[in-house]
Amino acid sequence: MTFRLEVLISGFGGQGVVLAGRALGLAAVHGGLESTMLVSHGTETRGGYVRSQVVISDEEIDSPVVEKADIFLALSQAAYDRFKHLAKNGLTLYESDLVVAKEDLTRQLAIPARKLAIEELGTELAANMIAMGQIARHLDVMPFAALQKAVAELSKRGAETNLAALGLGFNLELV
Amino acid sequence: MDGLFQKYLRPKKIPSTACSGCGLGQVHKRVLLAIDGLGLGVQDVIWGTGIGCAGRQTFNAWKGDNFAGTHGRVYALAAGLRMALPKEKKIVLTVGDGDAFGIGLKHLLHCARRNLDMTVIVADNFGYQSTGGQFGLTTPPGAVTDSSPYGLSETGWLGPDLDVLEILKAAGATFLARHLSLDGKPSVDNLKLALLNPGFSLVHFIFPCVTHFGAVSLAERDKPLILSWFKSVFNPAYGQDRGESFQKLKDRINPGFLKLKRGLYHDASGSRPDYSELLKAWTDTFRPDRAAPKEPGRAGSGEGAEP
Amino acid sequence: MKTVFDTGNAAITEAAILAGLKFYSGYPITPATEIAENMSRRLPMAGGYYLQAEDETAAFHMAIGASLGGLRAMTSTSGPGYVLYADPYGWAIGSEIPVVILNAQRVGPVSGITGAPGQGEFYLSRYPTHGGNFETIVLAPDGVKEAFEMTIQAFRLSERFRTPVTILADQLVTDGWEAFQIPQDSYELEALGLPLPKRAVHWGPDFYPRSDDIDIPPVVLGRGTGGACSDWTPTEEGYDTEEIEAQMKHSYRLIYKIRNNRKLIDRSLLTGMEDDPPVVMVSYGSPSRVVRRAVKAARALGIRVGAISLKSLWPFQDDLFDQNRIHLVVELNHDGQLVREVQRASGGRVHFLGRCGELPTVTELLEIVRALFGGGRPRGIKNVREAW
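Chains as they are written, first to last, in numbering that gives the first Met the number 0: chain A, 0 to 174; chain B, 0 to 306; chain C, 0 to 387.
Bound conformation, chain A alone:
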């Protein structure tokens, strides 16, 4: 039984959108899977965004484009508004500090990643890893340890904080 998992991560510059995507892609490699990622940037002006489209599969990946996201992580209002239609059948996680959700999505969860990062870890920078931990909670295609290993490898400094954030997000029960 083959699978194809599409993850869309989007926010504004500086939120670690690309690093999050890289961690996921590398985790897939550690899990023995195939992965691709496309990175794109919207305009720098109002409404700008950074977007990582990650595809993970146990077979050769054809299109690297996320057209039907299984998981969509929205870290900004602009990202939420622009891409939520791609996740109609998937799960949307949105940063509760920065996004006002619309009611038209079937499955969506607010995640207070930024708030938790500041309160628990003393740095806003760990918010993306808290969100990644939460994403891992909804993934059954690879072990959490694969993501932990990837994050440790990609963290030039602050690996400890990042791993703590990852764990925090993973154990977070959202309603």
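Think of the hints as simulated: they come from the structure by calculation, not from any bench.
Model, not experiment: these values are computed from the prediction.
Among these hints, one or two may not hold up.
When the alpha-carbon atoms are kept at most 30 Å apart in a straight line, the in silico DSS-like pairs for lysine-lysine are as follows [as the list claims (entries may be wrong)]:
no., chain 1, residue 1, chain 2, residue 2
1, C, Lys1, A, Lys155
2, B, Lys12, C, Lys197
3, A, Lys148, C, Lys295
4, B, Lys11, C, Lys248
5, A, Lys67, C, Lys197
6, C, Lys295, C, Lys144
7, B, Lys28, B, Lys89
8, B, Lys222, B, Lys11
9, B, Lys105, B, Lys89
10, A, Lys87, A, Lys101
11, A, Lys155, C, Lys197
12, B, Lys89, C, Lys197
13, A, Lys67, C, Lys144
14, C, Lys295, B, Lys86
Quick list of simulated restraints, FRET-style, between CB atoms [as the list claims (entries may be wrong)]:
no., chain 1, residue 1, chain 2, residue 2, range
15, A, His137, B, Leu277, 54 to 60 Å
16, A, Glu118, C, Tyr122, 34 to 40 Å
17, C, Tyr251, B, Glu87, 38 to 44 Å
18, C, Trp202, B, Pro185, 36 to 42 Å
19, C, Val109, A, Gly47, 22 to 28 Å
20, A, Val99, C, His333, 36 to 42 Å
21, B, Leu277, A, Leu173, 47 to 53 Å
No residue lacks a Cβ here, since even glycine has one placed at the ideal position from N, Cα and C.
With chain A fixed as given, assemble chains B and C onto it according to the hints.
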């Protein structure tokens, strides 16, 4: 002289196809004399050429290895070649004024900036003569040419207040000299110094074009008179006694317009390294790492990827 | 083997180094800058030289100069630099010097949109210089994995054919990320079917063979061979000549060494073509991956559609096309370049979907394919038109 040509040139290229009365052959000969004087063999020099009279006439005349670049690009070719050659091998480039000071000037300046070991011989016939005689970057002001029928109105790289060699010096060239093709031993001596400089050298040779510059700009067919005019370029007093017909030439174009210094212009040989040798030495310091390519996984964009 | 998750830029760098690259020259340009950056960091570790040129014309000339001296050489750029390659490109073709060129295509014309993918140099890569009388070799990777492998192939073809080879990528290929394997030694390379290119010195006096033979070493200067090469039409010994006869022999060689040995170059991937489907999508580069996904989706719905993904672009593979099929050409430009060639090669009905700056979606491809089945003319769908 025949012995010199036979030693260094390919029989197929002797004599050259230059116009009768052209000064290019003299320039070529001076370079060979300098090479011979230094005891260099055909294996020691790789000879490159540009486009135009100077390039076409000298291409593949050298008995050793040869290359010719498209117009103005031979310096960039030589820059890449320099990285591949051991430092004992010399690169000699024979090019024209349009090639060096017009279309190729940017590349030439960057070779000077890096002080890449090469000797550039600019054989300057005051314009684009192989295309029929248009003005160039060294054509005297006021000169009538096929593309300045009313007299040249713009300023080139040579003039009372401007000298292209000054630009090259500022760019970092470590050896510069200027001669007339008729100059004998002094020019050969400077060519030897140029070849010995382990860096960027350029020798600017002004040589007479009788076919276009002589016939159109000086409006003269008499070759000895044209030669005399060229002699007076560096020596305005020259030819005082040569009578009215010569004075007419001097009135047409004042040979003193240049106020150029003859002979050695700038000698800073060995004052700073040739970048190609620096780069080779620096790369060698990585040697222990050669066997095992480092972490290819880190080759990517890294964190800088975000705006 | 080592598996990594990295960009096309990184894959190309690592592959070139594995192929024996010893000289890279380039000029910064989005989206090919990261290849230059990677080269500047990685090449010294492999004993190679990184030279940042004053412009793209110089960059390519420097690469040729290094190759002339016997070093394996490469340069990379995007469209605005690729046009500046015209001058040295012709030189390398004429003097038969191996150099690998990477073009990360972006949206144009001129500077266009720097960071958005385009496919505007399809024909430019066939005619990258003036004067005619030559063929070019152009490969087109569809992603990071293929960029890795094709870079090594490009070096090999470049050596074997004594000619510059263009890898015509696009921004999504070079900036895109993908898991790929890096062989750790030549044994692992061969296991991937990627034997390393070899370099030998051509000894004179005949430097320019009058035949379509390949696997002839190129002219190398500085080894005392008496080698000569230039921008002029050469005699066999490398003298410049104005003999028409020599020009004809030279042209024959430059054209037919490639045409007559094209089996070594031709590459394509056929998807869903087994049952001879009536509608076939044609593409190259990153759009071809979306196209293949669309074929899968269509097949799941019982729609008989196939896809031809071109992996080598020039010489063009006319044999792949058939006048009895309906072709839909998908490419990242609005003017339609590949579509002209497909129309010429097939002689049949050809439609065109042009997108610019972003990939088409599976959804829209399915809509067009359905329209083609349901009566044939996909009028009214945005960006789709019949070929001329």
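> Among the hints numbered above, which are violated by the structure, and what are their numbers in rising order?
Replying inline: As far as the earlier hints go, 2, 3, 5, 11, 14, 16 and 21 are violated by this structure, in ascending order.
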